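Mapping the sequence shown onto my numbering, position 259 (from 1) lands on 250, and the numbers just tick up by one.
No lab work stands behind these hints, which were simulated from the structure alone.
Some clues are possibly wrong.
[Stated by the list, open to error] Derived DSS-like pairs: lysine-lysine, alpha-carbon spacing no greater than 25 Å straight-line:
no. : residue 1 : residue 2
1   : Lys120    : Lys53
2   : Lys152    : Lys311
3   : Lys322    : Lys149
4   : Lys285    : Lys311
5   : Lys459    : Lys396
6   : Lys623    : Lys670
7   : Lys625    : Lys691
8   : Lys322    : Lys152
9   : Lys623    : Lys675
10  : Lys427    : Lys311
11  : Lys541    : Lys322
12  : Lys138    : Lys322
13  : Lys675    : Lys629
14  : Lys152    : Lys214
15  : Lys459    : Lys397
16  : Lys396    : Lys511
17  : Lys273    : Lys311
18  : Lys365    : Lys541
19  : Lys152    : Lys182
20  : Lys285    : Lys152
21  : Lys195    : Lys273
22  : Lys325    : Lys53
23  : Lys285    : Lys138
24  : Lys541    : Lys325
25  : Lys182    : Lys273
26  : Lys629    : Lys365
27  : Lys610    : Lys673
28  : Lys53     : Lys122
29  : Lys138    : Lys214
30  : Lys195    : Lys182
[As the list claims (entries may be wrong)] What follows is a list of derived Cβ distance ranges for each label pair:
no. : residue 1 : residue 2 : range
31  : Ser705    : Gly405    : 21 to 29 Å
32  : Gly690    : Ala506    : 42 to 50 Å
33  : Thr654    : Asp286    : 25 to 33 Å
34  : Thr654    : Val172    : 50 to 58 Å
35  : Asn537    : Asp104    : 53 to 61 Å
36  : Trp454    : Glu533    : 24 to 32 Å
37  : Lys259    : Gly354    : 33 to 41 Å
Just so you know, these numbers come straight off a predicted model, no measurement behind them.
Every residue, glycine too, gets a C-beta built ideally from N, C-alpha and C.
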Amino acid sequence: MAERILVTSALPYANGAIHLGHVVEYVQTDIYVRFLRSCGQDVVYFCADDTHGTPIEINAAKQGIPPEQFVARFHDEHQRDLRDFDVRFNYFHSTNSPENRQYAELIYGRLKDAGDIDRRDIEQAYCEKDKRFLPDRFIRGTCPNCKSPEQYGDACEKCGKTYNPTDLIDARCALCGTPPVRRNSVHLFFKLSRHADFLQEVLKRPGFIHPGLATQLQGFFEKGLADWDISRDGPYFGFAIPGETDKFFYVWLDAPIGYIATTEKWAKESGLAKDALEYWDKGAPTRIVHFIGKDIVYFHALFWPAVLQVAGFHVPNEIKVHGHLTVNGEKMSKSRGTMVPARDYLEQLDPSYLRYFYAANLGAGVEDLDLNLKDFRLRVNGELVNNVGNLANRALSMLAGPLEKKLAPGRAEGAGRTLVEQALARVPEVREAFDKLEYRAAIKIITDIASTANAFLQTAAPWALVKKDAEAARADLSDAADVAYLLGALLAPVTPRVSERLFAQLNAPPLTFQALATAKYPLLDRSRPLGTPEPLLPRLEEDRVNAILKTPPESVVAESAAAGSGGKSKKTEKKPVEAKTTEAQPAVPTTQASPGAGAGTAGAEPVPAADIEYADFAKVVLKAGRIVAAEKVKGADKLLKLEVDLGEGSPRTIVSGIAEAYTAEAVAGRRVVVVANLKPRKLKGIESRGMLLTAGAGGKDLSLLDPGDVAPGSDVK
-8 MAERILVTSA
2 LPYANGAIHL
12 GHVVEYVQTD
22 IYVRFLRSCG
32 QDVVYFCADD
42 THGTPIEINA
52 AKQGIPPEQF
62 VARFHDEHQR
72 DLRDFDVRFN
82 YFHSTNSPEN
92 RQYAELIYGR
102 LKDAGDIDRR
112 DIEQAYCEKD
122 KRFLPDRFIR
132 GTCPNCKSPE
142 QYGDACEKCG
152 KTYNPTDLID
162 ARCALCGTPP
172 VRRNSVHLFF
182 KLSRHADFLQ
192 EVLKRPGFIH
202 PGLATQLQGF
212 FEKGLADWDI
222 SRDGPYFGFA
232 IPGETDKFFY
242 VWLDAPIGYI
252 ATTEKWAKES
262 GLAKDALEYW
272 DKGAPTRIVH
282 FIGKDIVYFH
292 ALFWPAVLQV
302 AGFHVPNEIK
312 VHGHLTVNGE
322 KMSKSRGTMV
332 PARDYLEQLD
342 PSYLRYFYAA
352 NLGAGVEDLD
362 LNLKDFRLRV
372 NGELVNNVGN
382 LANRALSMLA
392 GPLEKKLAPG
402 RAEGAGRTLV
412 EQALARVPEV
422 REAFDKLEYR
432 AAIKIITDIA
442 STANAFLQTA
452 APWALVKKDA
462 EAARADLSDA
472 ADVAYLLGAL
482 LAPVTPRVSE
492 RLFAQLNAPP
502 LTFQALATAK
512 YPLLDRSRPL
522 GTPEPLLPRL
532 EEDRVNAILK
542 TPPESVVAES
552 AAAGSGGKSK
562 KTEKKPVEAK
572 TTEAQPAVPT
582 TQASPGAGAG
592 TAGAEPVPAA
602 DIEYADFAKV
612 VLKAGRIVAA
622 EKVKGADKLL
632 KLEVDLGEGS
642 PRTIVSGIAE
652 AYTAEAVAGR
662 RVVVVANLKP
672 RKLKGIESRG
682 MLLTAGAGGK
692 DLSLLDPGDV
702 APGSDVK
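Working from the sequences, and respecting the hints, build out all of it.
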């Protein structure tokens, strides 16, 4: 039987809205699943709401509704938000389901029959005011290791150490603030310590988990694997443990079982499998892949495989782990407005922008990802809109206009055919990158293909050729359309709705990775007429991007407070932004120090620069350009080496001092204004043939001037 692939994302807790940190994981997983499907693989993708536990029980009580009603609301919201981010599950279920109870009881029974459940009398924190035992997250105090205050009862967010709730210093109930007392209660434990050898073998399996994480997990073996408390005392929202009184399965026992329960529900409703065991039985021909965040590695890499092994189920083959999301370089925070709900984003922007940005920054490692809103806007505009979108719009608009939507037959030879064949030759690289979760590498290749095609069009200049030789222009544009078709296929896992629009404009069927395995030039059926072209995506505007944050940035708040008097805020005028050249070359100063004061000395009075004649200014030739490639200059933190298309047949090399404000990836594809008649000058051994114009105070506070939607080489006046 052919291999079947079952993919999951971690279960969102049904206690609040989906936010952009959650979206990282669901987009990462969805891209992988869409890629596998495009390759023709038999793959299913499951998820569910994690619904049990004390937080949900207490929050539902505060609202005066049953827990079942409380979690049902979030179940609907979570599905809606993820669907609107173009995440497509085969099934999205709930852990508060008959299927989950069935498999939780089955697995517990098998663990018990195997002798892996132990009864122990343990001491716990108990709140006499609230009349309840306090689970880990409902006791707060000072970390016994690093002495950080306001830590939870299971682990310190500052130093990362785990401990027992009773180890906290100055512990108090998180509900009422009362210091808890200690009481004994009988709890049930899974004997995880018995399975250390098996888990060591699992961690050594190729591809099971990132090697760095496997090394980190060795720390648990060195101090001895602790047995796992799988029970909680009532009151508790969850499944009662069979044969016990007022004992419930701890949420971390039944939550991962939700993966199995969702498979069962899907099998029943779809009829595509008899039951979950077709995928989850120990001998099933399945590859199971879990996508999770780095904060829940222990549960998925140690506890979960051991439970499945003892219970006779399929142990996961791969665990893909990602880092956390920061926003503007800081940990997400509600008070700063950076804990952005998915719906707040969706009310402002197309999900394609964020899916693209996440993919452009995600690799197979566990490093954190920063959603810097400026970088987000500039990179998406530069790469997705100005590069990929610009290629499609340039090619299809001319074909649909003066050339009447007709494509040219494929050519036996020539630069256009070479362009398409070289692009096709890079498809295996993109395929390998997606398969290894190196999405940023895939995006880099895709944008390189688009940049090369744009450079081809710039050299061919079909807009100038169409009146003299319409068929030659048609042939060049048809080959560019072929590349656009290819780009639609390569980006389909990342930005599916953009690819759908592009395929419709090309009047062509969706192109898949499976089809690309044997595809040859020409890719498009050249006998079919084109559809109706239009811009694939508008450029991101700064005000729309910033609107996803509901609270102003701290710098704005501080500036407003500093300007206020007596508790009343004042409006402050912004100083005019000064246009600057950003190359590491002397620039004409706009101010100079007053007599007797050193340049830049506090108190210096600026005086106006000397007036110049119009004839002097007219000597400066400003041209619209487009950056087709960029890279850091070695040994120079402030410099980028750029290849800039000025409509001259081949790009110019310009060394620009913008590296503090922009990464090389963020500027690729951007339109810029260039001083085109500046004498060449060598910088770090590289001959620079021009200068970019920017606005801002310098350093990180620079913005490239955009000449608008004009062809490279156009005059800027």
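Hints and how they fare:
no.	hint	result
1	Lys120 - Lys53	16 Å, holds
2	Lys152 - Lys311	23 Å, holds
3	Lys322 - Lys149	13 Å, holds
4	Lys285 - Lys311	9 Å, holds
5	Lys459 - Lys396	18 Å, holds
6	Lys623 - Lys670	22 Å, holds
7	Lys625 - Lys691	19 Å, holds
8	Lys322 - Lys152	19 Å, holds
9	Lys623 - Lys675	12 Å, holds
10	Lys427 - Lys311	10 Å, holds
11	Lys541 - Lys322	16 Å, holds
12	Lys138 - Lys322	21 Å, holds
13	Lys675 - Lys629	12 Å, holds
14	Lys152 - Lys214	13 Å, holds
15	Lys459 - Lys397	18 Å, holds
16	Lys396 - Lys511	22 Å, holds
17	Lys273 - Lys311	21 Å, holds
18	Lys365 - Lys541	16 Å, holds
19	Lys152 - Lys182	22 Å, holds
20	Lys285 - Lys152	15 Å, holds
21	Lys195 - Lys273	19 Å, holds
22	Lys325 - Lys53	21 Å, holds
23	Lys285 - Lys138	24 Å, holds
24	Lys541 - Lys325	9 Å, holds
25	Lys182 - Lys273	20 Å, holds
26	Lys629 - Lys365	18 Å, holds
27	Lys610 - Lys673	22 Å, holds
28	Lys53 - Lys122	16 Å, holds
29	Lys138 - Lys214	22 Å, holds
30	Lys195 - Lys182	22 Å, holds
31	Ser705 - Gly405: 21 to 29 Å	27 Å, holds
32	Gly690 - Ala506: 42 to 50 Å	48 Å, holds
33	Thr654 - Asp286: 25 to 33 Å	27 Å, holds
34	Thr654 - Val172: 50 to 58 Å	55 Å, holds
35	Asn537 - Asp104: 53 to 61 Å	58 Å, holds
36	Trp454 - Glu533: 24 to 32 Å	30 Å, holds
37	Lys259 - Gly354: 33 to 41 Å	38 Å, holds
Checked against the numbered hints above, the structure breaks none of them.
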